[in-house]
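Novice: Since the structure of chain A is already known, use the hints to place chains B and C on it.
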Amino acid sequence: MRPMAPLQNAPASMHGAFLFSVLTYAAVDRRLLQSIQLIQFAFLLTLFAGCRPLPPADLVLHNGREPETIDPHLLTGQADGRIGSALFEGLTRYDPVTGNAIAGLAQSWVLSPDGRTYTFQLRTNAAWSTGKAITSTDVVWSWQRAVNPLTAADYASQYFYVENGEAICNGTERDPGKLGIRALGPHTLEVRLVNPTPFFLELLASRVFAVVPRETLEKYGDQWIRSPGLPCSGPYTLEFWRVNDRIRLRRNPHYWDATNVQSAVVDVLAGDSAHTALNLYLTGAVDFIIDKDMFPTELAEALRERPDFHRYDYLGSYFIRFNTTRKPFNDPRVRQALGLVINRQRIVERITRMGERTASHIVPDGTGGYHPPAGLEEDATTARRLLAEAGFEGGKGFPSFEYSFNAETKLHEHIGVEIQAAFREQLGIRMELRPLEWKTYLNNMSKLDYDLMRSSWIGDYNDPNTFLDLFLSTGGNNRTGWRDEVYDQLIQAANATLERQPRFELLAKAEARLLNVGAPIVPLFSYVGFYALDTNRVSGVHGNLLDEHPFWAIRRIPR
Amino acid sequence: MKLVRRLLAIPLLVWIVATLAFFLMRAAPGGPFDRERAPASREVEAALQARYHLDESLGRQYLRFLAGLVQGDLGPSFKYRHHTVNDILAQALPVSLTLGWLAFGTALGIGIPTGFIGAVHRGRWPDWAGSFLVLTGVCIPTFVLAPILVLIFSLRLGWLPVALWGSIPQVLLPTFALGLYFAARVSRLLREGLSETLRAPFILTARAKGLGEFQLLLRHALRPSLLPVVSYCGPMLADLLTGSFVIERVFQIPGTGAFFVNSFFSRDYPLMVGLVIVYSALLLLLNLATDFAYRWLDPRVRHA
Amino acid sequence: MPEVASSPAGRAWRRFRHNRPALTGAILLIFVLAAVAVGPSLGLPDPNLASESPFTPPGPGHWFGTDIHGRDLLVRTLVGTRISLLVGLTGAAVSVVIGVAWGLIAAYAGGRTDSILMRTVDVLYALPNIIFVMLVIGLTETHLIRWLQSVAPSIAGSARLLLLFACLGAVSWLNMARIVRGQVLSLRNRPFILASRVLGAPASFILRRHLLPNVAGVVIVYATLTVPAVILYESFLSFLGLGIRPPDASLGTLIEDGARQLNPIHVRWWLLAFPAGILATTLLALHHVGDGLRDALDPRSEN
Chain A
-4 MRPMAPLQNA
6 PASMHGAFLF
16 SVLTYAAVDR
26 RLLQSIQLIQ
36 FAFLLTLFAG
46 CRPLPPADLV
56 LHNGREPETI
66 DPHLLTGQAD
76 GRIGSALFEG
86 LTRYDPVTGN
96 AIAGLAQSWV
106 LSPDGRTYTF
116 QLRTNAAWST
126 GKAITSTDVV
136 WSWQRAVNPL
146 TAADYASQYF
156 YVENGEAICN
166 GTERDPGKLG
176 IRALGPHTLE
186 VRLVNPTPFF
196 LELLASRVFA
206 VVPRETLEKY
216 GDQWIRSPGL
226 PCSGPYTLEF
236 WRVNDRIRLR
246 RNPHYWDATN
256 VQSAVVDVLA
266 GDSAHTALNL
276 YLTGAVDFII
286 DKDMFPTELA
296 EALRERPDFH
306 RYDYLGSYFI
316 RFNTTRKPFN
326 DPRVRQALGL
336 VINRQRIVER
346 ITRMGERTAS
356 HIVPDGTGGY
366 HPPAGLEEDA
376 TTARRLLAEA
386 GFEGGKGFPS
396 FEYSFNAETK
406 LHEHIGVEIQ
416 AAFREQLGIR
426 MELRPLEWKT
436 YLNNMSKLDY
446 DLMRSSWIGD
456 YNDPNTFLDL
466 FLSTGGNNRT
476 GWRDEVYDQL
486 IQAANATLER
496 QPRFELLAKA
506 EARLLNVGAP
516 IVPLFSYVGF
526 YALDTNRVSG
536 VHGNLLDEHP
546 FWAIRRIPR
Chain B
191 MKLVRRLLAI
201 PLLVWIVATL
211 AFFLMRAAPG
221 GPFDRERAPA
231 SREVEAALQA
241 RYHLDESLGR
251 QYLRFLAGLV
261 QGDLGPSFKY
271 RHHTVNDILA
281 QALPVSLTLG
291 WLAFGTALGI
301 GIPTGFIGAV
311 HRGRWPDWAG
321 SFLVLTGVCI
331 PTFVLAPILV
341 LIFSLRLGWL
351 PVALWGSIPQ
361 VLLPTFALGL
371 YFAARVSRLL
381 REGLSETLRA
391 PFILTARAKG
401 LGEFQLLLRH
411 ALRPSLLPVV
421 SYCGPMLADL
431 LTGSFVIERV
441 FQIPGTGAFF
451 VNSFFSRDYP
461 LMVGLVIVYS
471 ALLLLLNLAT
481 DFAYRWLDPR
491 VRHA
Chain C
38 MPEVASSPAG
48 RAWRRFRHNR
58 PALTGAILLI
68 FVLAAVAVGP
78 SLGLPDPNLA
88 SESPFTPPGP
98 GHWFGTDIHG
108 RDLLVRTLVG
118 TRISLLVGLT
128 GAAVSVVIGV
138 AWGLIAAYAG
148 GRTDSILMRT
158 VDVLYALPNI
168 IFVMLVIGLT
178 ETHLIRWLQS
188 VAPSIAGSAR
198 LLLLFACLGA
208 VSWLNMARIV
218 RGQVLSLRNR
228 PFILASRVLG
238 APASFILRRH
248 LLPNVAGVVI
258 VYATLTVPAV
268 ILYESFLSFL
278 GLGIRPPDAS
288 LGTLIEDGAR
298 QLNPIHVRWW
308 LLAFPAGILA
318 TTLLALHHVG
328 DGLRDALDPR
338 SEN
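Residue numbers (this note's numbering), protein chains in the order written: chain A, -4 to 554; chain B, 191 to 494; chain C, 38 to 340.
One chain only, chain A, in its complex shape:
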């Protein structure tokens, strides 16, 4: 990695002003003068530690936060994932238009009649950026690495659909070689699944199934991704990485589809401030703001009117968790009552204002062709009755409790204020707002140390299961203390069902139980994403439910 130095030259004018003003006063005193000269010297030294200016890139994207890791197996963030996908590819990849899985390193595949065995044909022209061919042993090794608990990949759970994946990941099977993947020849692979998995090809496009270079990993360990001449399997190679500034990508000349990679050099900027991202975009320093978090919500109405701001639905739900292990929230009637008085319309129209769709269900509309059942809609009368049945008529005797949320996004506070008002006005109960700093928030959530908590979930693949398996009794992401055997059985039965419609019916039954009977959560709305993009300036970006916009398809339109 090329290190960098900050500046090329001294900003002479400012330096001059400083010199002038201080020297005027120092002129009489030699000693003062000398010491000032010393300071000046140090000053200039810092400035001249300069470097060459960067040649401009062909495409500049604003990617939101600084990636934590771009190791495709380890990364979890969306910003990280976009770079992971640009550098490494798996058997399938995302279609830039629909976001669905299309052929990647695998050119074709065959599914066995029982739906449990895939046979993949790798492309014969698939190659690392070093020019070396990518073979089926590379794929097998990569998968075994990802699923190995020592790799500590958070998304290793995606391998649970593959034979022995779960056993290897939780340590009951010590030999990663037992994973259900096998090289039948240099370009032929066989993958065995636990159950028929309708969304398996979608999963394969996710980063945790990407193919990574074995030699480099074994040689450099944790720092492998920053090693010189890093072999990449995806459309781009990593030119340099300046933390908190940018990652520069250069087209991988040996990528099997290199001719369709639209921009040769791509700068991916990192920054925390949505307003700054907007300013950069408006002045033309950034071609495309790809990250939805880089959208200043204060400007929602104004920006929605602009032709260059594009709204799209995506797989994300905003909801409230109840701690069902705490009184009085261990009573489902209390949870239902609270859920029944929230005016979602008001929250969406007045607070979030980006055109979100209200949702009383956890699975967003349209996920993989599934139709979610209705949950608890606003009904204050029933709510008051339920609360009275639970022993808190008119809110009397209801203990004081807290709504916890992470503080760094103002939106959560605004939503909290609305919910607080609804509880007070409709049910006569008092709720305090408790802003938390991020890690405390996560810690309290996983330790069940909260009463009510703001939550959200972004789907990993286009299937309702990605939302519904959260609330399994054994699910690590349940985090409400809610356990329901009927729900667990429904989900298991659904996922053992091959046919689409009956499977969806079982899932919908499970979801209805979650929302209306157990009610450990209150869904509020499904997220929408926005990206800032002038279609006269940039081509190749299309809105899709998975919010996937592969870099290789994007290019700046020459003026």
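No lab work stands behind these hints, which were simulated from the structure alone.
Backbone N, C-alpha and C fix where the C-beta goes; we use that ideal spot for every residue, glycine too.
Accuracy of the hints is not assured; some may be wrong.
Unchecked claim - Beyond 12 angstroms from chain C on every Cβ pair, some chain B residues (computed): (1) ARG227; (2) ARG232; (3) GLU233; (4) ALA240; (5) GLN251; (6) ASP263; (7) ILE307; (8) THR326; (9) GLY383; (10) SER385; (11) ARG397; (12) GLY400; (13) ARG409; (14) ALA471; (15) ASN477; (16) THR480.
As the list claims (entries may be wrong) - Footprint (simulated), chain B over chain A, 3 or more residues, beta carbon under 8 angstroms: (17) 140 to 154; (18) 532 to 546.
Specialist: Same frame as chain A, but now just chains B and C:
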């Protein structure tokens, strides 16, 4: 002799600060690997903890940290997992040092003249003009001032780039926004110091001796008046050189300021401790320099 | 003809009274204090009451406009100013008490005591104070709330505020200590102090009668700088979830909210202009009062 002793004390103090930071960070709720998504399995979590030695006792972790520290290795960043703390500092510190130096220059360049004029013309219009500037600097927080400057100079007038780092025009706005805040304080402190000095008997004596007003101000009055400014300069410079969270965020500058907050946010223990070490070493050195600057600015201190 | 002065306090008051900017500042400050003290109860809506008219520009009904929840900005600004002034003045007061004592003792005692005290300041200064604030709030808040609920339920809701007072005071005295120490170092070998010492005055007398009045000027000035610093630091803490608990507001959080309106597309100016204007006015008044006090208390500024 005293200088040597103070210099020798610096590593000791840095060690104390680092130790405190090390243990206080770990007392904070939540850990570096708490995340929104539960780990795939217990083994995955255990492997993660083991890789970063978080499964060891606190004492062992501390010894490991000290052993690294002695060799100049601050360890891996927990959040930015492909970077060591040394990598991050090597990238971010030069940026913050440059910006900090420039802002320091601006702060003194604006603060000293306005404070000086304010004291000499106390109560008259130049003082009022200076006060206005000072109040702007004190009352308008950086997170308001910086976006206003961007709105005017970048978006309205189009003279300067809105953000990013690497060319001279990109440096001007952040330098000014950062410098003005400190300039206001410098100006205020100097104005007070100088007004105080101008009332001292020795100034009357000097005046009685018929010394020219300009000579008088510069040769006799300015030096002792700089004392409060100088004591402020140590911490101010340490703050400036290690970066500003707000400025770096608004101008998207890859310095260390953002890491100070973010490493704490993400419980990136090694990065936080590394930054604290850099900051405390800088601060202690500068405070030492300040104390010695005192001695020759004000001869009376020397007899101490 | 100068009046015949009765007492030092009387002389100081007379000097203050004749200082026009200071007097104006004092009146302004009293006005602001009165407004924030009684204003919210003069028929204004509840500061946390949402209404059906979000983002209304200033006009009759809502003189300062409304925010995202349709809450009245005037009353929120008044209540916020109250909290912020409380936080800022407490912070400054704590910083004066601890800082002055610390700096005086360090400089006057000198030698080893000085080294130990000042190195302690260095160490504390070098530790990022968010860690400290975070730990205090994170580890004690729940206990404090529980304790208050059993002892004095009426103020249990202010637990966070009490902790903020403690934390902000505790992190803001360090610079004060350094500055006071610097000042005293230069004072303590001056002839009048040496004379006093030679005449056998006890250290406490010298500290009280000679050193304290002579550092008062710088202390007051620095304290007036501390007030805004503390007020704004609180808004930074709010950003981290460690400040005032919503839906309550402080001037700092209101200004921070307003600062989000600084963009080239659509500016709701009132959200920033009013809170920032109040802050500026208050600080301006404070600045001049500080100046006036400093002059009034200075024994040498007799003529």
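Novice: Are the hints correct? Go through all of them and say.
Specialist: Now for the hints, and whether the structure bears them out:
1. ARG227: At roughly 21 angstroms from the nearest Cβ of chain C, ARG227/B sits farther out than 12 angstroms, so the non-interface label holds.
2. ARG232: Given a closest Cβ separation of 27 angstroms, the condition holds.
3. GLU233: At roughly 30 angstroms from the nearest Cβ of chain C, GLU233/B sits farther out than 12 angstroms, so the non-interface label holds.
4. ALA240: holds (26 angstroms)
5. GLN251: GLN251/B is indeed farther than 12 angstroms from all Cβ atoms of chain C, at 17 angstroms.
6. ASP263: holds (21 angstroms)
7. ILE307: holds (16 angstroms)
8. THR326: With a cut-off of 12 angstroms, THR326/B comes too close to chain C, as the shortest Cβ separation is near 9 angstroms.
9. GLY383: The claim breaks: GLY383/B does not keep its Cβ more than 12 angstroms from every Cβ of chain C (closest is about 7 angstroms).
10. SER385: violated (8 angstroms)
11. ARG397: It holds; ARG397/B is separated from chain C by about 15 angstroms at its closest Cβ, greater than 12 angstroms.
12. GLY400: Check passes; 22 angstroms lies beyond 12 angstroms.
13. ARG409: holds (17 angstroms)
14. ALA471: violated (9 angstroms)
15. ASN477: Given a closest Cβ separation of 6 angstroms, the condition is violated.
16. THR480: violated (8 angstroms)
17. 140 to 154: Three-residue rule met by the segment 140 to 154 of chain A, so holds; n is 9.
18. 532 to 546: With 0 residues closer than 8 angstroms to chain B, the segment 532 to 546 of chain A misses the three-residue bar; violated.
Checked against the numbered hints given earlier, the structure breaks hints 8, 9, 10, 14, 15, 16, 18 and satisfies all the rest.
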